[in-house]
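S.K.: Single-letter residue listing:
Protein chains: 6
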Amino acid sequence: MTLDQKIIDALSGVSTATLTTVLLKKGLRNVWMRGTRPLRAGQPRVVGRAFTLRFVPAREDLATPASWSSPTSTRAAIEAMPAGCVAVVDAMGVTDAGIFGDILCARMRKRGVAALVSDGVVRDGAGVLGTGLPVWCQGVAAPPSVAGLTFVNWQEPVGCGGVAVFPDDVIVVDDDGAVVIPAALLDEIVPIAVEQERQEAWIMQEVDNGAALPGLYPPNEEAKARHEASKG
Amino acid sequence: MTLDQKIIDALSGVSTATLTTVLLKKGLRNVWMRGTRPLRAGQPRVVGRAFTLRFVPAREDLATPASWSSPTSTRAAIEAMPAGCVAVVDAMGVTDAGIFGDILCARMRKRGVAALVSDGVVRDGAGVLGTGLPVWCQGVAAPPSVAGLTFVNWQEPVGCGGVAVFPDDVIVVDDDGAVVIPAALLDEIVPIAVEQERQEAWIMQEVDNGAALPGLYPPNEEAKARHEASKG
Amino acid sequence: MTLDQKIIDALSGVSTATLTTVLLKKGLRNVWMRGTRPLRAGQPRVVGRAFTLRFVPAREDLATPASWSSPTSTRAAIEAMPAGCVAVVDAMGVTDAGIFGDILCARMRKRGVAALVSDGVVRDGAGVLGTGLPVWCQGVAAPPSVAGLTFVNWQEPVGCGGVAVFPDDVIVVDDDGAVVIPAALLDEIVPIAVEQERQEAWIMQEVDNGAALPGLYPPNEEAKARHEASKG
Amino acid sequence: MTLDQKIIDALSGVSTATLTTVLLKKGLRNVWMRGTRPLRAGQPRVVGRAFTLRFVPAREDLATPASWSSPTSTRAAIEAMPAGCVAVVDAMGVTDAGIFGDILCARMRKRGVAALVSDGVVRDGAGVLGTGLPVWCQGVAAPPSVAGLTFVNWQEPVGCGGVAVFPDDVIVVDDDGAVVIPAALLDEIVPIAVEQERQEAWIMQEVDNGAALPGLYPPNEEAKARHEASKG
Amino acid sequence: MTLDQKIIDALSGVSTATLTTVLLKKGLRNVWMRGTRPLRAGQPRVVGRAFTLRFVPAREDLATPASWSSPTSTRAAIEAMPAGCVAVVDAMGVTDAGIFGDILCARMRKRGVAALVSDGVVRDGAGVLGTGLPVWCQGVAAPPSVAGLTFVNWQEPVGCGGVAVFPDDVIVVDDDGAVVIPAALLDEIVPIAVEQERQEAWIMQEVDNGAALPGLYPPNEEAKARHEASKG
Amino acid sequence: MTLDQKIIDALSGVSTATLTTVLLKKGLRNVWMRGTRPLRAGQPRVVGRAFTLRFVPAREDLATPASWSSPTSTRAAIEAMPAGCVAVVDAMGVTDAGIFGDILCARMRKRGVAALVSDGVVRDGAGVLGTGLPVWCQGVAAPPSVAGLTFVNWQEPVGCGGVAVFPDDVIVVDDDGAVVIPAALLDEIVPIAVEQERQEAWIMQEVDNGAALPGLYPPNEEAKARHEASKG
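Residue numbers (numbering that gives the first Met the number 0), protein chains in the order written: chain C, 0 to 231; chain F, 0 to 231; chain H, 0 to 231; chain B, 0 to 231; chain E, 0 to 231; chain A, 0 to 231.
Simulated from the structure, these hints should not be mistaken for lab results.
Possibly wrong hints are sitting among the right ones.
Straight-line Cα separation of at most 30 Å, DSBU-like style, residue types lysine-lysine; simulated pairs [what the hints assert, rightly or not]:
hint : chain 1 : residue 1 : chain 2 : residue 2
1    : B       : Lys24     : E       : Lys24
2    : C       : Lys230    : C       : Lys25
3    : F       : Lys25     : A       : Lys24
4    : E       : Lys109    : F       : Lys230
5    : C       : Lys223    : B       : Lys109
6    : B       : Lys24     : E       : Lys25
7    : E       : Lys25     : E       : Lys230
8    : H       : Lys5      : H       : Lys230
9    : C       : Lys109    : A       : Lys230
10   : B       : Lys223    : A       : Lys109
11   : F       : Lys109    : H       : Lys5
12   : E       : Lys223    : E       : Lys24
13   : A       : Lys5      : A       : Lys223
14   : B       : Lys24     : B       : Lys5
15   : F       : Lys223    : E       : Lys109
16   : C       : Lys24     : H       : Lys25
17   : F       : Lys24     : A       : Lys24
18   : C       : Lys25     : C       : Lys5
19   : C       : Lys109    : A       : Lys223
20   : E       : Lys223    : H       : Lys109
21   : H       : Lys109    : E       : Lys230
22   : H       : Lys24     : C       : Lys24
23   : B       : Lys109    : C       : Lys230
24   : C       : Lys25     : H       : Lys25
25   : E       : Lys223    : E       : Lys25
26   : C       : Lys24     : C       : Lys223
27   : F       : Lys5      : F       : Lys223
28   : C       : Lys25     : H       : Lys24
29   : F       : Lys25     : A       : Lys25
30   : A       : Lys25     : F       : Lys24
31   : E       : Lys25     : B       : Lys25
32   : B       : Lys5      : B       : Lys230
33   : F       : Lys24     : F       : Lys5
34   : F       : Lys109    : H       : Lys223
35   : A       : Lys109    : B       : Lys230
36   : E       : Lys24     : B       : Lys25
37   : C       : Lys230    : C       : Lys5
Here are a few chain F residues that sit away from chain H, every Cβ distance over 12 Å (derived from the structure) [claimed, not checked]:
hint : residue
38   : Asp8
39   : Pro81
40   : Asp167
Note that this is a predicted model, so its numbers are computed, not measured.
All C-beta atoms in this analysis are idealised placements derived from N, C-alpha and C, irrespective of residue type, glycine included.
Using the sequences provided together with the hints, build the complete structure.
M.R.: Written out as structure tokens, the structure reads:
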């Protein structure tokens with residue numbers, strides 16, 4: 000299920016910091032994927048549906064270069080990715096085996112994948128940067144995936160950075176990392192998040208003008224009224 | 000697929016220590032599930048086919064007491080377990096939420112489950128011990144599973160204690176913890192393991208008689224000949 | 000503020016497993032103190048008000064044997080503990096310096112302290128067991144507190160095992176470890192917990208009688224009715 | 000208590016590497032705060048008195064957006080910070096909840112706070128960089144503080160990165176991270192540190208000229224004499 | 000260099016808790032080996048010279064069953080151990096490969112080795128217990144050493160549980176774990192430790208009699224005088 | 000034993016990612032040193048023989064500034080390093096004490112050391128960068144080595160980042176970190192690695208041209224034939 004362009008546009012203007020605050024107010028405290036750092040500084044925010052991949056630990060009879068030709072390989076998973084999706088890879092936080100290198104990332108880029116998000120690492124970091132695919136992960140490592148991981152499936156529920164992600168949940172990722180918006184909460188969250196972002200911009204302006212924090216952030220009734228008036 | 004009683008009998012006489020040595024000689028170094036300690040000291044060795052369960056991290060919209068009534072709950076998984084299986088639960092090593100308590104373990108016992116193995120913990124430790132179900136895990140914690148975990152499925156490939164386990168792999172578990180024998184290697188491994196166990200018993204006797212280690216363990220040709228002769 | 004004996008009696012019959020479930024239903028998922036294991040197996044459940052102690056890391060100019068004679072020492076803190084309290088010691092999870100040894104624990108016992116709970120360790124484990132003080136912690140270590148910790152104060156808010164504990168919160172601790180009930184929630188929680196415990200006992204009986212889990216645990220309307228009828 | 004400008008000037012010329020060596024020679028081995036990395040590369044060295052803040056773990060009844068309006072909120076703490084201080088925030092090493100975002104950092108900057116040092120992380124990293132406040136911490140995370148932390152007080156003794164920091168201790172922070180000079184040792188340490196820095200500069204010059212290390216670093220009597228002569 | 004029986008007798012009456020306090024007063028804060036827990040509860044205190052063994056991580060071309068027959072194998076190291084020594088094994092804290100099993104421990108027992116101390120684990124835990132060799136370590140694991148470790152040498156300086164141990168240092172190990180006394184400090188430490196143990200016994204008696212802690216522990220001048228008088 | 004310039008030239012064109020794949024196919028899965036990140040982004044690949052250094056944990060009687068003048072100091076080790084070697088320092092993964100600062104790195108640079116690789120950290124990071132010595136490690140810390148480490152020897156087998164390294168093994172290090180090629184496998188590995196690198200370049204070109212992954216990476220017979228033809 001692709002994502003409405005209006006929602007992409009709206010969320011592209013909302014920071015993951017704001018989104019996590021809004022989700023926490025709805026009772027969701029665990030939506031930020033630990034270890035999802037931008038591979039390249041200053042990558043623009045990305046919004047897309049989650050396409051999930053799942054690894055289990057390496058076992059020498061399964062995690063072999065030969066497995067790369069199997070019908071359930073990472074290669075097959077990549078060929079199944081729709082344009083605009085955000086690939087979310089559960090690598091169980093493993094940091095000494097790279098899930099993908101330059102060739103797989105180049106292919107994802109070709110297929111129009113919007114971003115790669117993982118709690119693991121990539122390999123051939125320089126090559127991956129060269130492909131232009133936006134990547135958020137824990138960093139780089141030289142060894143191939145099979146040195147530490149066995150690929151098992153795609154489009155299943157996964158854990159990524161300590162967060163549950165289901166296929167078709169919405170992922171937003173920026174300088175602060177990756178956040179999941181559960182698919183069922185999307186319509187409720189978006190307008191609140193957009194408004195919250197606006198309010199914070201006004202508060203920031205007030206602080207720049209020398210205002211003190213108590214009563215302003217969060218705003219009391221008087222401050223809210225001033226904000227409303229300022230929209231005038 | 001149940002397990003032939005002959006294989007159960009054979010493997011019941013082989014320690015997990017010996018099994019890991021035999022598997023390592025076949026190139027498999029990562030078959031012992033970290034954190035699988037016996038909840039009760041001195042539990043007899045258990046052998047059975049793996050029946051797998053899989054959790055992802057808790058998300059407050061999913062990991063709720065209400066989820067316990069869902070068709071994909073741990074309750075439903077337990078009702079699907081065949082007698083004689085070893086339940087292998089991927090709890091991602093989480094130690095602050097108990098996967099099962101006394102009620103679920105009592106039901107597993109009733110269904111003839113041979114053992115519960117997990118890289119997580121159980122809750123109501125005293126109650127679980129009371130059910131008589133043999134359990135290997137990281138210990139106990141009071142909170143319910145939904146405090147840290149979302150249950151997603153059963154009979155899928157899982158990671159448990161850093162080891163890949165597939166449904167129907169064979170699990171052997173004793174005082175040293177749980178070991179997986181890949182289903183495809185079973186027939187090859189069993190006779191070698193039985194013989195290795197016999198050889199180690201003879202070596203132990205030699206050491207008790209005052210023999211030095213070099214040349215004896217591992218045995219050189221002369222020692223092997225003496226062992227053969229001793230079989231009379 | 001001491002604790003009403005009726006509440007102590009009521010909570011003495013409720014497991015920490017049940018308490019965490021009840022608190023989770025009120026939105027509190029983080030109330031179980033990680034690492035609080037009984038030093039002696041089979042210690043009875045303890046209920047009491049929290050008396051908190053706080054350490055920061057060791058700095059060689061502060062964490063010295065001389066500091067043990069200071070007015071803000073652990074010795075002074077112990078002399079301030081009321082009978083019946085549960086001492087909750089924030090040791091920041093440090094496991095290589097023992098917060099207390101046999102002498103301090105003997106004195107706590109003399110003063111009628113109900114239990115010692117910490118995310119750290121004690122020292123002279125054999126001596127501490129000898130004092131009869133019930134202790135829940137991560138284990139034992141030989142070195143004195145000042146090898147790793149600087150004591151700073153008592154009766155302040157602390158973190159213990161990843162959980163916030165405030166003076167006069169209520170602590171319940173059994174084989175599964177220590178749980179905090181926020182003081183303000185006590186009256187609301189106790190009756191629900193007692194009822195939940197009763198219900199689980201009935202469910203356990205049903206399982207013993209061969210009932211399957213779905214519909215029973217958690218109970219659907221029909222099961223609830225049968226439970227009510229059974230109270231007859 | 001503000002810091003004499005002469006001391007600021009002197010310490011501004013001394014690296015934290017040199018300071019830790021000088022403090023170790025006085026018996027203090029644990030003065031460097033782990034995890035205090037510059038958020039922006041190449042930030043100049045900062046020297047100031049410590050203004051401490053303390054968090055405990057999040058508990059859902061306390062760690063709420065509503066708590067931000069409480070009299071003991073981080074907002075109130077910031078309004079109490081004197082110009083020139085270094086805010087030292089004990090976040091217990093938590094890296095999945097940001098202690099402050101752009102608004103709070105902007106206000107600290109307005110108040111003349113010299114730097115923010117924490118063993119936790121900030122949120123809205125891009126926004127924080129935009130405020131110009133010099134920050135040393137473990138990095139960034141999107142979630143608000145209340146997702147993982149409960150704020151409890153300011154100007155108490157704290158632990159930060161495994162180091163004890165008391166209000167009014169002196170903090171020096173540069174590319175290598177943050178170091179505490181206990182207030183009582185300040186006068187003794189400063190002249191030794193300045194001289195040590197001078198000596199190391201001379202040794203570096205000697206190495207550049209091709210000198211071998213033994214006898215030079217640390218300098219034997221002959222080398223010391225040459226250094227003295229070079230001051231000529 | 001064997002250890003004088005008088006010193007063994009003296010140290011056999013001193014707890015590791017007391018020893019670490021005495022060593023800390025001499026400036027040594029890091030002498031207790033983390034992770035050295037007794038494999039069997041209630042093992043008597045052991046005192047002996049350190050005989051060190053060193054592992055590095057496993058590399059598949061080196062860490063093989065064939066390596067067990069090499070001249071630098073653990074087998075050869077065991078044959079070099081003198082009676083009465085304490086074997087101190089640097090396993091780098093690895094807990095998923097057992098350094099020794101029942102056969103090697105049986106041989107050590109035969110050679111009169113006083114105890115085995117390691118920051119790693121043993122395998123075939125039941126078998127090791129059966130040999131009667133006193134063992135302090137992190138627990139048990141099924142896999143052989145070569146699954147995670149490459150043996151490289153004996154009688155070299157090693158790290159064990161985060162502590163530096165040199166051949167011929169003195170090791171004391173009891174319920175609280177293992178402590179190193181640097182060989183050069185032995186003569187100075189022993190009499191102080193014996194006296195400290197005596198003083199603590201007297202203090203414990205005072206506490207049993209109802210004395211409060213301040214002024215007693217540590218004793219002020221008046222308490223010291225009373226202790227002296229009590230020696231009568 | 001220095002390294003043939005032809006081998007240096009060949010390996011300078013092979014990424015560590017490719018090398019780890021080739022070594023894995025030979026059964027070596029554990030050859031990449033965890034934590035070896037480039038101190039300066041974009042450092043060129045370095046190839047050289049390993050010159051090893053070994054630390055154990057700090058003990059206050061040994062790890063002193065005075066030890067820097069000892070005959071077994073890091074200073075002496077540096078003076079023994081041959082030009083072109085890669086210094087591999089086993090710091091046991093310690094990240095709160097810097098193994099070397101600007102002066103030692105400047106001297107290594109003078110002696111023609113090709114690179115410094117460690118699983119620990121350096122100190123005076125700005126100064127170290129100024130020396131121009133290529134460094135791969137976990138980052139920077141202010142404290143001197145003796146705050147956490149005792150230097151014991153050079154040119155022994157060591158562990159670095161969880162990998163066994165022997166003197167004269169070959170080290171290749173680039174943006175993805177450091178990889179060891181066991182000395183005995185060098186001749187076999189080099190030509191395979193060079194060819195593998197060439198094949199991956201061709202595959203990358205195919206992907207750029209829009210080819211799908213299955214059958215291409217790894218190449219099936221048809222793809223291999225096309226690659227051969229392309230060499231034409």
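S.K.: Evaluate each hint against the coordinates.
M.R.: Checked hints:
1. B:Lys24 / E:Lys24: holds, 17 Å
2. C:Lys230 / C:Lys25: holds, 26 Å
3. F:Lys25 / A:Lys24: holds, 15 Å
4. E:Lys109 / F:Lys230: Roughly 25 Å separates the two Cα atoms, so the pair holds.
5. C:Lys223 / B:Lys109: holds, 22 Å
6. B:Lys24 / E:Lys25: holds, 15 Å
7. E:Lys25 / E:Lys230: The given pair, whose Cα atoms are some 26 Å apart, holds under the 30 Å limit.
8. H:Lys5 / H:Lys230: Between Lys5 (chain H) and Lys230 (chain H) the Cα gap is close to 23 Å, so the pair holds against 30 Å.
9. C:Lys109 / A:Lys230: holds, 25 Å
10. B:Lys223 / A:Lys109: Holds, at about 22 Å.
11. F:Lys109 / H:Lys5: This hinted pair is violated, its Cα atoms lying about 38 Å apart.
12. E:Lys223 / E:Lys24: Roughly 18 Å between the alpha carbons, so the hint for Lys223 (chain E) and Lys24 (chain E) holds.
13. A:Lys5 / A:Lys223: Distance ~28 Å between Lys5 (chain A) and Lys223 (chain A) Cα, so the pair holds.
14. B:Lys24 / B:Lys5: holds, 24 Å
15. F:Lys223 / E:Lys109: holds, 22 Å
16. C:Lys24 / H:Lys25: Holds, at roughly 15 Å.
17. F:Lys24 / A:Lys24: holds, 17 Å
18. C:Lys25 / C:Lys5: holds, 23 Å
19. C:Lys109 / A:Lys223: Satisfied, since the Cα-Cα distance of roughly 22 Å is no more than 30 Å.
20. E:Lys223 / H:Lys109: Distance of about 22 Å is within 30 Å: holds.
21. H:Lys109 / E:Lys230: holds, 25 Å
22. H:Lys24 / C:Lys24: Between Lys24 (chain H) and Lys24 (chain C) the Cα gap is close to 17 Å, so the pair holds against 30 Å.
23. B:Lys109 / C:Lys230: holds, 25 Å
24. C:Lys25 / H:Lys25: holds, 15 Å
25. E:Lys223 / E:Lys25: Measuring from Cα to Cα gives roughly 21 Å; hence the hint holds.
26. C:Lys24 / C:Lys223: holds, 18 Å
27. F:Lys5 / F:Lys223: Holds - the C-alpha atoms of Lys223 (chain F) and Lys5 (chain F) are around 28 Å apart, at most 30 Å.
28. C:Lys25 / H:Lys24: Measuring from Cα to Cα gives roughly 15 Å; hence the hint holds.
29. F:Lys25 / A:Lys25: Within the cut-off at roughly 15 Å; holds.
30. A:Lys25 / F:Lys24: It holds: about 15 Å lies between the C-alpha atoms, which stays within 30 Å.
31. E:Lys25 / B:Lys25: Status holds; Cα separation ~15 Å.
32. B:Lys5 / B:Lys230: holds, 23 Å
33. F:Lys24 / F:Lys5: This hinted pair holds, its Cα atoms lying about 24 Å apart.
34. F:Lys109 / H:Lys223: Holds, at roughly 22 Å.
35. A:Lys109 / B:Lys230: holds, 25 Å
36. E:Lys24 / B:Lys25: holds, 15 Å
37. C:Lys230 / C:Lys5: With Cα atoms ~23 Å apart, Lys230 (chain C) and Lys5 (chain C) stay inside 30 Å; holds.
38. Asp8: Correct as stated: the minimum Cβ-Cβ distance to chain H is 30 Å, above 12 Å.
39. Pro81: holds, 15 Å
40. Asp167: It holds; Asp167 (chain F) is separated from chain H by about 24 Å at its closest Cβ, greater than 12 Å.
Against the hints set out earlier in the document, a violation occurs for number 11 only.
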